[in-house]
Structure formats: C-alpha cells, structure tokens
Amino acid sequence: MAKRRGSPWTGLGAIFLKEFADHLGGARMMILEWLMLLTGVGAVYTAIQDLRQTTSEDPFLFLRLFTQGHDPLPSFTGILGFLIPLIAIGLAFDSINGEFNRRTMSRVLAQPIYRDALLLGKFLAGLSTLAVALLALWLLVMGLGLVTLGVPPTGEEVLRGIAFLIVAIAYGGVWLAAALLFSVVFRSPATSALSGLGLWLLMSVLWPLLTRFLTQALFASQSAALMGGQSLQQIEVQQGLARLSPDTLFGEAMLGILHPATRALGPVFLDQLQNAILGAPLPLTQSLLLIWPQLTGLVAGAILLFVVTYVIFQRQEVRA
Amino acid sequence: MNEAIVEAEAPMNDIVIEAKRLKKRYGEFAAVDGIDLSIRRGEIFGLLGPNGAGKTTTILMLMGLTEVTAGRLTVNGFDPVREPLEVKRHVGYLPDSVGFYDYLTAEQNLRYTARLAGIPRDEIDERIGEALAQVGLESVARKKTGAFSHGMRQRLGLAEVLMKKAEIAILDEPTSGLDPQATFEFLELIRGLKAQGLTVLLSSHLLDRVQAVCDRVALFNRGKIALQGTVMELSAAVLGAGFNLAITVRNADPARLLNGIPGLTRVIDDGDGEYRVVADRDVRAAVARSLIAGGATLLKFDALEPSLDSLYRDFFERQEGGGRIGEGTHGEA
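Same order as they appear, the protein sequences are chains V and Y. According to numbering that gives the first Met the number 0, the stretch in the first sequence is residues 0 to 319, in order. According to numbering that gives the first Met the number 0, the stretch in the second sequence is residues 0 to 332, in order.
Incorrect hints may have been included.
[What the hints assert, rightly or not] Below, a list of computed lysine to aspartate or glutamate pairs in the DMTMM-like style, where the Cα atoms sit at most 25 angstroms apart: (1) Y:K22 with Y:E85; (2) Y:K143 with V:E98; (3) Y:K19 with Y:D121; (4) Y:K22 with V:E316; (5) Y:K142 with V:D21; (6) Y:K142 with Y:E166; (7) Y:K142 with V:E98; (8) Y:K143 with Y:D121; (9) V:K2 with Y:E17; (10) Y:K19 with V:D57; (11) Y:K223 with V:E316; (12) Y:K143 with Y:E166; (13) V:K2 with Y:D78; (14) V:K2 with Y:D214; (15) Y:K164 with Y:D207; (16) Y:K143 with V:D21; (17) V:K2 with Y:E106; (18) Y:K19 with Y:D178; (19) V:K2 with Y:D308.
[What the hints assert, rightly or not] In silico contact screen, one side only, chain V against chain Y (beta carbon under 8 angstroms); selected entries: (20) R186; (21) R242; (22) V310.
Treat the hints as calculated values from the structure; they're not laboratory data. No residue lacks a Cβ here, since even glycine has one placed at the ideal position from N, Cα and C.
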C-alpha cells in the first residue's frame with residue numbers, strides 16, 4: 000500500500016471548534032446539563048443536611064459531600080457513575096451516522112482533510128464538553144459546601160477532588176468512545192443510541208450479577224464450596240471479571256480517592272492488617288497509587304475503543 | 000467490445016484529469032470496469048448514463064474518497080490515492096443531493112468548510128460573500144439552511160466550490176430533482192464556471208438536459224465507457240450521420256416515398272405517424288418535396304439537434320437490446 004502524504008491533523012482544530020460549539024449550544028446538552036445539575040445538587044444538598052451534625056468530627060468533611068448518600072437519593076458519585084455514561088452516549092451516539100444522514104459527510108471529506116481529523120475532532124470535542132460540564136458541577140459542589148458548611152477545604156481535599164474530576168473525565172471518555180463506535184457501526188441513530196444504552200445497562204446493572212454467576216459456575220465443583228466459603232482464587236476471578244466493566248473501575252477509583260481510609264481494593268488477609276490503625280487515612284500519594292491501575296484501565300479502555308472505531312471508520316465507504 | 004471512442008487532438012500538458020484502465024470492484028461486482036478518461040483544462044465534460052453505471056464511483060475515486068482497485072489516475076498532476084489532500088485542495092466537489100447543517104446559516108456552513116479547506120482567515124468573509132452573490136443566495140446568507148429548498152441547497156453547494164477557488168469542479172447529478180426552471184438556471188451557472196476558466200466534470204442520468212452544456216461526454220454503461228467525444232462526434236459514430244429530421248405525416252409511407260434521396264441513410268418509424276429521418280447532410284428540401292409530391296399530409300417537419308437520449312438508446316439497442324436509459328440494474332443511493 001502506498002504511503003499517503005499530508006498531515007492527518009489538518010483541519011482538526013476547525014472540526015474540534017465546530018463540534019464543541021455545537022455541543023455547548025445544542026438543546027441536547029442543555030437537557031443533559033440540567034439533569035446532571037438537578038440530581039447532583041439534590042444529592043449534595045441532602046448530604047449537607049447529614050453532615051451539618053458531624054462537622055467537627057470528620058477530617059475530610061468536603062469529601063463527604065461527594066460520597067454521603069441519603070435515602071432515597073444515592074451519593075453524588077453514585078449519581079455521576081450513572082449520569083456520565085448517559086451524557087457521553089447522548090453526546091456521541093449520532094456523531095458519525097448523523098453526518099451520513101444529513102448528507103454532509105461527503106461534502107466535509109471532500110475538503111483537504113483526512114478522516115482521522117474528523118473522528119478525533121469529534122471525540123475531543125465531546126470529551127471537552129463533558130469536562131466543562133463536570134468542572135462546572137464540581138465547582139458548584141465545592142461552592143455549596145463552602146457556603147453551607149462554613150469550613151474551607153484543606154489542600155489535600157482539593158487535590159483529591161481534582162483527582163476525582165480526572166477519573167470522572169476518563170470514565171466519560173470510555174463511554175464517549177463506545178458511543179462513537181456505535182455511531183460508526185450503525186447507520187441509524189436510534190439503533191446506535193439504543194445499543195449504547197443497552198451496553199450501559201449491561202455494564203452498570205447486569206454485569207455485577209453476571210460475574211457472580213459466572214464465577215460460581217466456574218468454581219462450582221471445587222472444595223471451597225464445601226467449606227461454605229469462597230476460595231481466594233474465586234474472589235480474584237470474580238473481581239477480575241467485574242473490572243472489565245468501566246463502572247466497576249470508576250466505583251473502585253472513587254472509593255480509593257474519596258475515602259482516604261481505603262487501604263486496598265481487593266481481598267485483604269487478617270495478618271496484613273496486623274499493627275494497622277484501622278480507619279486511619281492514607282496519604283494522598285498512597286491513595287493515588289491505589290487507584291492508578293483503575294485510572295490507567297479507564298484510559299486504556301477509551302483508547303482501545305477509539306482505535307476500533309478508527310479502523311472501522313477508515314474502511315467505510317463514503318457513499319451511504 | 001464495441002468501443003467507439005472518438006478522440007480529438009489536444010496538447011498533453013492541458014489534460015487535468017487522466018484515468019487509464021481504472022477499475023473499482025466491490026467484492027465480485029465491478030462497479031467501474033477499466034475505463035479510460037482524459038479531460039482537458041477548461042472544458043465541461045459530462046459523465047452520462049443510467050443509475051448504477053459507475054459514474055458516482057468514478058467521481059469518488061477521482062476525489063480520493065474511495066480506494067482504486069486497479070489502474071492509473073492523476074487529477075491535476077496528483078495521485079488521489081497517495082496525495083488526496085493536494086487533490087482535494089484544488090478540486091471542488093458537489094455531491095449527489097448535497098446536505099448542510101440545518102441549524103447553521105448558509106454563511107456559517109460555508110465558513111466551516113472554508114476553515115476545513117484552509118482558506119486564510121482574512122479572506123474567508125470576502126470569498127463567502129462573492130460566492131453567495133454569484134449563485135444568487137446573498138439575500139439568504141444569514142438564514143438557516145434547514146429552510147432551504149432543494150434548488151437552493153444545490154446552489155449553496157456550488158457556492159462552496161466557488162469559494163474554494165477550485166480549478167476543477169466535480170458535480171454529481173447537479174440537476175437531479177430540480178424543476179425545469181431551476182435546472183435551466185443551474186446549467187447557466189455551470190456555463191459561468193467554464194467562463195471563469197474552471198474545468199467542470201458533471202454526471203447525470205438525464206442525458207438531454209445536460210448535453211447542451213457539455214463540450215464532450217462519456218456515455219457509461221455497466222461500469223464501462225461505451226462512447227466518448229462531442230455530441231456531434233457521437234452522433235456521427237452511432238448513426239453514421241449528423242442530420243436528423245422529425246416528421247409527422249398521414250396517409251403515406253415515408254420510408255417508400257423518401258427512398259433514393261441522396262445522403263439519406265435511414266427512416267425510423269416511431270409509431271403513430273411520427274418518423275425520424277437520418278441523413279449525413281441537409282436533406283430538408285428534398286424530403287419535403289418528395290413527401291408533398293407523394294400526396295402525404297405533412298403535419299410536422301422539424302430539424303433535430305442530435306439527441307443523446309436517442310443516440311444512447313439506438314446504440315445499446317443495436318448492441319445488445321438492453322442497457323436502456325433509466326434501467327438501473329444496481330441501486331445508486
């Protein structure tokens with residue numbers, strides 16, 4: 000195959016700016032933002048009601064804003080774990096097939112750009128939109144906390160908050176890449192959106208159940224079952240399977256970064272806990288080290304999905 | 000194979016698009032099956048033929064938008080497979096039923112394309128204004144394209160080509176779906192492109208409508224070019240003559256009456272008293288005299304421009320009895 004000439008990034012900036020402006024000005028993003036704002040603020044508000052009673056007891060008061068749940072609302076992070084995929088799918092489910100259906104694809108590709116720029120520009124624009132929305136929400140939560148709790152956050156709390164933001168964006172990137180993939184594979188936006196939502200339900204609701212059934216089936220005959228417990232191997236397999244879901248990775252990372260007392264995300268033996276002061280917080284660097292695999296897993300997942308999307312898109316015929 | 004390619008002399012350096020044995024296969028199906036094309040600078044060249052004959056596929060290969068299976072291709076001195084950006088920089092493309100971003104205005108749509116095309120920022124506004132004025136859309140420049148009619152979209156697409164200051168304009172079915180008045184106006188715009196020195200390549204399945212603007216045409220049939228040349232050349236090649244008469248008579252058999260007129264080659268019965276008379280010179284006077292002398296009631300007597308539509312039909316009927324206009328064996332969505 001002859002090598003092509005010219006930079007694959009030609010036109011990337013123009014595509015990024017247009018898509019970004021479309022997202023920010025579009026009615027769809029407005030709906031998603033309101034949804035996120037209302038549920039997010041609702042969750043934080045109920046958390047604040049609880050926290051007011053314990054202000055003086057907790058060294059990481061601000062982090063509780065993100066993690067404190069109060070029936071019937073889940074915690075702020077719980078809500079984000081649910082909403083980020085929804086927003087990402089909402090942003091990207093019709094990004095490529097929409098161009099075909101509007102018959103703008105051949106006109107855009109007839110300009111001196113490569114398809115690389117089109118796909119990457121759309122992905123980056125979606126990710127930036129998501130990042131802007133999350134950042135705004137994050138600042139809002141911090142502001143609400145300042146006003147209602149009357150205590151400023153410590154430096155470490157702010158840093159942990161920023162780490163939380165980065166993980167949330169990476170998590171959004173996975174779902175954005177998945178939605179982009181569906182928009183390349185399916186010509187109809189409705190099918191693409193439905194597939195995205197289906198995958199989201201599978202990953203967030205069904206996957207934890209499925210992993211349990213799968214491991215039980217795998218280890219059914221082994222002796223550990225006779226002793227009434229699970230073998231270590233079984234637990235590890237189950238956890239490994241569960242970590243294929245970005246939701247699991249996101250949940251674990253949230254746990255590690257927002258609960259400084261978290262020491263491990265896998266099984267821990269009793270002898271490992273000897274001399275440990277239970278409930279004592281880890282320093283920030285150790286917490287970051289703890290969630291590092293989760294974060295890289297999310298980023299790798301996003302890149303992998305993007306590459307698959309790229310390969311399929313490159314092979315697609317321009318004519319519908 | 001009956002290839003009746005009528006070649007005319009042209010200096011080699013004036014050829015802007017050249018294809019040699021160009022092929023495109025989709026699996027087993029050969030969409031384009033070894034065509035030769037050479038298009039000169041400044042001419043209007045028509046790719047004509049029914050839907051699914053390979054016209055759009057040829058255009059996509061010229062633009063570097065689809066892979067070439069085999070053959071050699073140069074557009075403006077560049078190879079569309081290896082240097083698609085260079086090709087696309089100098090070639091404007093108006094796709095079949097072009098679409099725009101409905102929520103943007105005409106101006107914003109063009110501005111986006113201008114940025115993609117890498118037009119310098121300080122020139123963009125001026126070029127957009129000029130292009131819109133040239134296609135007569137300056138009054139709706141700030142209207143959203145969602146409200147545009149099909150004809151307005153086509154003209155906006157042409158404005159995009161003009162804005163790019165392309166050297167070659169490739170227009171895919173530019174007049175399909177337009178009403179007669181809009182078609183006429185659009186063809187005038189295409190003539191205007193030629194006047195500006197652009198090379199225009201256009202495809203159409205409506206042979207008669209576009210033959211008027213084309214300097215040369217290539218007739219496509221099932222992935223091959225059956226005929227190539229000027230309309231007069233094709234007419235001479237197919238009918239062996241360049242002069243056509245349409246007559247309508249009653250109470251007579253023109254075939255018998257006209258027999259023996261020098262230069263007359265054929266009398267074709269179109270039914271219902273209508274006949275076409277084909278000759279290699281002007282036989283009007285002789286034909287009229289013979290008919291009247293033979294006692295025929297002459298209802299209509301018309302000298303015809305050679306029509307591509309009838310040429311095409313005649314050619315393929317004689318060849319294989321198939322491949323008629325509008326037959327469309329393969330969908331071209």
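Against the structure, the hints:
1. Y:K22 with Y:E85: With Cα atoms ~22 angstroms apart, K22 (chain Y) and E85 (chain Y) stay inside 25 angstroms; holds.
2. Y:K143 with V:E98: Holds, at roughly 17 angstroms.
3. Y:K19 with Y:D121: violated, 41 angstroms
4. Y:K22 with V:E316: holds, 16 angstroms
5. Y:K142 with V:D21: holds, 17 angstroms
6. Y:K142 with Y:E166: Violated: K142 (chain Y) and E166 (chain Y) sit about 29 angstroms apart, past 25 angstroms.
7. Y:K142 with V:E98: Judged against 25 angstroms, a Cα distance of about 21 angstroms means the pair holds.
8. Y:K143 with Y:D121: Judged against 25 angstroms, a Cα distance of about 24 angstroms means the pair holds.
9. V:K2 with Y:E17: holds, 21 angstroms
10. Y:K19 with V:D57: violated, 79 angstroms
11. Y:K223 with V:E316: Answer holds: K223 (chain Y) to E316 (chain V) is near 21 angstroms, not above 25 angstroms.
12. Y:K143 with Y:E166: violated, 29 angstroms
13. V:K2 with Y:D78: holds, 11 angstroms
14. V:K2 with Y:D214: violated, 36 angstroms
15. Y:K164 with Y:D207: Given pair K164 (chain Y), D207 (chain Y) is violated - Cα atoms ~29 angstroms apart, limit 25 angstroms.
16. Y:K143 with V:D21: holds, 14 angstroms
17. V:K2 with Y:E106: Measuring from Cα to Cα gives roughly 36 angstroms; hence the hint is violated.
18. Y:K19 with Y:D178: violated, 36 angstroms
19. V:K2 with Y:D308: Given pair K2 (chain V), D308 (chain Y) is violated - Cα atoms ~43 angstroms apart, limit 25 angstroms.
20. R186: violated, 11 angstroms
21. R242: violated, 40 angstroms
22. V310: At 15 angstroms from the nearest chain Y Cβ, V310 (chain V) fails the 8 angstroms test, so the hint is violated.
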